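Asker: Using the hints, position chains B and C against chain A.
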Amino acid sequence: MEEGMKKFMKQPVIIKSNPYGIMVMLEPMIPFEQLLTEIAEKFKDSSKFFKDAKMAVSFEGRELTIEEEKKILDVITENASIRILCVIDKDKEREETFKKALDEAQKNVKIDGGQYYKGTLRSGQVLETESSIIILGDVNPGATVISTGNIVVLGALYGMAYAGGSGNNKAFVAALDMYATQIRIGDVMARSSDKPVKRKKSKFDPKIAYVESGNIYIDSITKEAFSDMQ
Amino acid sequence: MSEVIVITSGKGGVGKTTTTANVGTGLAMLNKKVILIDTDIGLRNLDVVMGLENRIVYNLVDVVEGSCRIKQALIKDKRYPNLYLLPSAQTRDKTSVSPEQMKKLIEELREDFDYIILDCPAGIEQGFKNAIAGADRAIIVTTPEVSAIRDADRIIGLLEANELKRMDLIVNRLRMDMVKRGDMMSIDDVVDILAINLIGAVPDDENIVISTNQGEPLVGNDSLAGKAFLNICYRITGEEVPLLNLGENNNIWNKLASLFKKN
Amino acid sequence: MSIMDFFKRKSSGDVAKDRLKLLLISDRANCTPQIMELIKNDIIQVISKYMEIDAEGLDIQITQTESEGRNGSVPALYANIPIKDLKHSKVN
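Residue numbers (my numbering), protein chains in the order written: chain A, 1 to 230; chain B, 1 to 263; chain C, 1 to 92.
The shape of chain A in the complex, shown without the other chains (with noise of 0.2 Å):
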């Protein structure tokens, strides 16, 4: 490791992505200026590769005061639309923590945040959000809706529903006409009947889909619903 750590620190600037985010090595001798330039042009280089990407940041190699770390930061920043969501240090076990803090705040952030979508939804169209969806028309048989966040359909859902697509069992899947061939909410699956079912075309009767205790559970939109979701 001290040998490869010598052989690279010939650049003074290195940056190693990992599954979360990057690690960035900075040569340990030269002047704090001279490294702040540096790393302004490897992250200008590499700001396609970043494109607007969400990560984490560790840096290696070098002794950093908190105010260095940030205008390190504000560097990359600057010359990388990269969003910084947290600096994680190379303890395994404050890492470990970091990610989950991570990946929990992506969840809520999908969540959160939402989009809609205006028109029908045909057979084979797919449409696949990273975040909740609001659909403005019908969702057609055959036709699929993938969401990491929740579902909702302001018209009738025939086709798919996939809900809380990274594993959110608390996502939800709501349509003003219920007649999903299936839903998929986290990791529990629902399919519809076998017996075909009656349409009601006179009575307005919207649904909502979410999980309890492992199963899917469909319930009339009213105050009761809501208050019983978790």
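Honestly, the hints are just simulated from the structure, not real lab data.
Computed from a prediction, not measured in an experiment: that's the story for all the values here.
Check the hints yourself; a few may be wrong.
[Unchecked claim] Using 27 Å as the maximum straight-line C-alpha spacing, the simulated DSS-like pairs for lysine-lysine come out as follows:
1. B:Lys165 with C:Lys10
2. C:Lys21 with B:Lys11
3. B:Lys103 with B:Lys165
4. B:Lys104 with B:Lys33
5. B:Lys76 with B:Lys32
6. B:Lys33 with A:Lys195
7. A:Lys70 with A:Lys42
8. A:Lys195 with B:Lys227
9. A:Lys195 with B:Lys78
10. A:Lys54 with A:Lys44
11. B:Lys33 with B:Lys227
12. A:Lys70 with A:Lys44
13. A:Lys118 with A:Lys16
14. B:Lys180 with C:Lys10
15. B:Lys165 with B:Lys129
16. B:Lys103 with B:Lys71
17. A:Lys170 with A:Lys223
18. B:Lys78 with B:Lys227
19. B:Lys104 with A:Lys195
20. A:Lys42 with A:Lys16
21. A:Lys203 with A:Lys118
22. B:Lys71 with B:Lys32
23. C:Lys21 with B:Lys180
24. B:Lys76 with B:Lys104
25. B:Lys33 with B:Lys78
26. A:Lys118 with A:Lys207
27. A:Lys195 with B:Lys71
Answerer: Just chains B and C now, with coordinates in the frame of chain A:
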């Protein structure tokens, strides 16, 4: 000894999927272990005709690409435990699968099933090539119409060029009243033109529409089409069954019977 | 088609069958009019070496004939070549 049968027609809308569903279910009724494969990638329909659309998790493309194991993608029929469906992908296109991949998949399935039945897409492009790649024999479905027969003829030529061991013909959607009036080609006429073995004739029966609506194949029930399909299944297994009397007219029945003897 | 057919109205089923038969002959032969024209010119050229023929009156078509081996019929090329003069019958 398993047999791989492709159900094909060239023209769309002549009843390939209905035939696949009914023949597959019928063979399962005769205690055969059967798997139906929908090879129409991008336009899957066999699942709805079988009434199994709500159970699909994985599909043919997932299996071929190795995203899941074969067993995970197989859907057990709701009525016959020895009948399975491998659904097609709805969101992909025909080029997602190659003939070589189909051959490999079929070879793996051969060990577990008596009959592997492939529902072929319309047309003669990649999807057709995929469907016929691993097949031992073909059942060509046609209706007594010029367009369907012309396409069936083209398909027969292509299958001959691919050296399929056996080809049989189903004349679907016959209307005996029209045949009697002379306003529809008879089974004789169709067989005469296409010159391949007739394995069955199915009348135009409104019960087909009803059964498709309900997602339950009608093979084996009391309707004329149900009987016709069950007879076809017997013939597939090698039993000799006389052709069904599709009309009340005895002359026609005699004609049909003699026709079947001829082949 | 016999002369009687002109007097009796053909049922649409029979019409369909006849149309199909003709259609399938050309489908199976996979022969375009252009190719037919080429064949025709080649025939004229070859025959003209030996005899004088009426190129205008020459008629070729692909029809169907009963096959001896397999049951059913196979496509066949029919040519009607009016000969004007046999004087060229000696081979050069």
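Asker: If a hint holds in the structure, say so; if it doesn't, say that too.
Answerer: Outcome of the hint check:
1. With a C-alpha separation of about 39 Å, the suggested pair Lys165 of chain B and Lys10 of chain C falls outside the 27 Å cut-off, and the hint is violated.
2. Note on Lys21 of chain C and Lys11 of chain B: the hinted pairing holds, with a Cα-Cα distance of about 18 Å set against a maximum of 27 Å.
3. Note on Lys103 of chain B and Lys165 of chain B: the hinted pairing holds, with a Cα-Cα distance of about 16 Å set against a maximum of 27 Å.
4. For the proposed pair Lys104 of chain B and Lys33 of chain B, the alpha carbon gap of about 20 Å is at most 27 Å, so the pair holds.
5. Only pairs whose Cα atoms come within 27 Å are accepted, and Lys76 of chain B paired with Lys32 of chain B is accepted, the gap being roughly 14 Å.
6. Between the alpha carbons of Lys33 of chain B and Lys195 of chain A the distance comes to roughly 25 Å, so the proposed pair stays at or under 27 Å and holds.
7. Simply put, Lys70 of chain A and Lys42 of chain A have alpha-carbon atoms about 17 Å apart, close enough for the 27 Å limit, and the pair holds.
8. Taking the CA atoms of Lys195 of chain A and Lys227 of chain B, the gap is near 24 Å; set against the 27 Å cutoff, the hint holds.
9. This hinted pair checks out: Lys195 of chain A and Lys78 of chain B have alpha carbons roughly 11 Å apart, not beyond 27 Å.
10. For the suggested pair Lys54 of chain A and Lys44 of chain A, the alpha carbons sit about 16 Å apart, so the restraint of at most 27 Å is met.
11. Of the supplied pair hints, the one linking Lys33 of chain B and Lys227 of chain B holds, its CA atoms being roughly 21 Å apart against a limit of 27 Å.
12. The straight-line distance between the Cα atoms of Lys70 of chain A and Lys44 of chain A is roughly 18 Å, inside the 27 Å bound, and the hint therefore holds.
13. For the hint pairing Lys118 of chain A with Lys16 of chain A, the CA-to-CA distance comes to about 41 Å; that exceeds 27 Å, so the pair is violated.
14. A distance of roughly 14 Å separates the Cα atoms of Lys180 of chain B and Lys10 of chain C; the hinted pair therefore holds under the 27 Å criterion.
15. Distance restraint check for Lys165 of chain B and Lys129 of chain B: the Cα-Cα separation of roughly 16 Å lies within the 27 Å cut-off, and the hinted pair is therefore satisfied.
16. This hinted pair checks out: Lys103 of chain B and Lys71 of chain B have alpha carbons roughly 17 Å apart, not beyond 27 Å.
17. At roughly 18 Å between alpha-carbon atoms, Lys170 of chain A and Lys223 of chain A fall within 27 Å of each other, so this suggested pair holds.
18. Taking the CA atoms of Lys78 of chain B and Lys227 of chain B, the gap is about 21 Å. The hint holds against a cut of 27 Å.
19. Between Lys104 of chain B and Lys195 of chain A, the direct Cα distance comes to roughly 36 Å. Violation of the 27 Å bound is thereby established for this hinted pair.
20. Restraint check for Lys42 of chain A and Lys16 of chain A: satisfied, since their Cα atoms lie roughly 12 Å apart, inside the 27 Å limit.
21. Between the alpha carbons of Lys203 of chain A and Lys118 of chain A the distance comes to roughly 24 Å, so the proposed pair stays at or under 27 Å and holds.
22. Between Lys71 of chain B and Lys32 of chain B, the direct Cα distance comes to roughly 18 Å. Compliance with the 27 Å bound is thereby established for this hinted pair.
23. Distance hint between Lys21 of chain C and Lys180 of chain B is fulfilled; the C-alpha atoms sit about 21 Å from each other, no more than 27 Å.
24. Proximity of Lys76 of chain B to Lys104 of chain B is assessed by CA-CA distance (about 22 Å); at most 27 Å being required, the pair is judged to hold.
25. Pair hint Lys33 of chain B plus Lys78 of chain B holds up; C-alpha atoms about 14 Å apart against a cutoff of 27 Å.
26. Simply put, Lys118 of chain A and Lys207 of chain A have alpha-carbon atoms about 20 Å apart, close enough for the 27 Å limit, and the pair holds.
27. Between Lys195 of chain A and Lys71 of chain B the CA atoms are separated by roughly 25 Å; this keeps the pair inside 27 Å, and the hint holds.
Hints 1, 13 and 19 from the list above are not met by this structure, while the remaining hints are.
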